[in-house]
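Asks: Numbering (the numbering used here), first residue to last: 137 to 271.
Rather than coming from a laboratory, the hints here were simulated on the basis of the structure.
Small disclaimer: the values here were computed from a predicted structure and weren't measured.
Glycine residues also receive a C-beta, built at the ideal position from the N, C-alpha and C atoms.
A portion of the hints provided could be inaccurate.
Said to hold, decoys possible - The list that follows gives simulated cross-link-like pairs (lysine to any residue, SDA-like), each with its CA atoms no further than 20 Å apart: (1) LYS201 with ILE216; (2) LYS212 with THR241; (3) LYS237 with GLY186; (4) LYS201 with ASP226; (5) LYS212 with GLU199; (6) LYS201 with LYS230; (7) LYS201 with ASP150.
Said to hold, decoys possible - Label pairs and their computed distance ranges (CB to CB): (8) GLY192 with LYS230: 19 to 27 Å; (9) ARG208 with ALA165: 44 to 52 Å; (10) CYS258 with THR163: 17 to 25 Å; (11) ASP226 with THR193: 17 to 25 Å; (12) THR200 with HIS225: 23 to 31 Å; (13) GLY184 with ARG155: 21 to 29 Å; (14) TYR151 with PRO242: 30 to 38 Å; (15) SER253 with LYS201: 35 to 43 Å; (16) HIS183 with ARG152: 17 to 25 Å; (17) THR223 with GLN252: 18 to 26 Å; (18) ASN191 with TYR256: 28 to 36 Å; (19) PRO197 with ASP224: 21 to 29 Å; (20) TYR194 with ASP224: 30 to 38 Å.
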Amino acid sequence: MPREEKVMVTTTLDYRLTRDVYQLNLTDADNAEAFALVYGDRLRYVHGIGWHIWNGTYWQPDETKEVMQLVRELSKYRQIAITEFETDHDTKLKKWRTALKMEQTPGAKSCLEFAQSLNYICIGWKHLVLCRRIK
């Protein structure tokens, strides 16, 4: 069986998306919402199968745990949003520290666990097969 290429999913936040990410609380649940806002068009979670990444042609299984790297990247985006919109220095530092916790394994796993339950990311395997033809 040929080995599939690793698909890198990155994004650049525009002003509106940065603002929307900033407005979410720094909780596991809202980190999952931010994850969905930023990556939801390119990621799907299928219960019993796992994470899939759109590679331009079909939903490729995430065999390399790239979603963990995306949570780390999201932490950076959240820090950028805090820098952009938070005006109080002490609050900014507190929020940065909280955002950094997403880069640790427990924070990343919590974010992904909550994301797995979001309707617009979580799909059934039958829908995944249909999406391969539609997207």
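Asks: Can you name, in rising order, the numbers of the hints this structure does not satisfy?
Replies: 1, 3, 4, 5, 6, 7, 8, 9, 11, 12, 13, 15, 16, 17, 18, 19, 20
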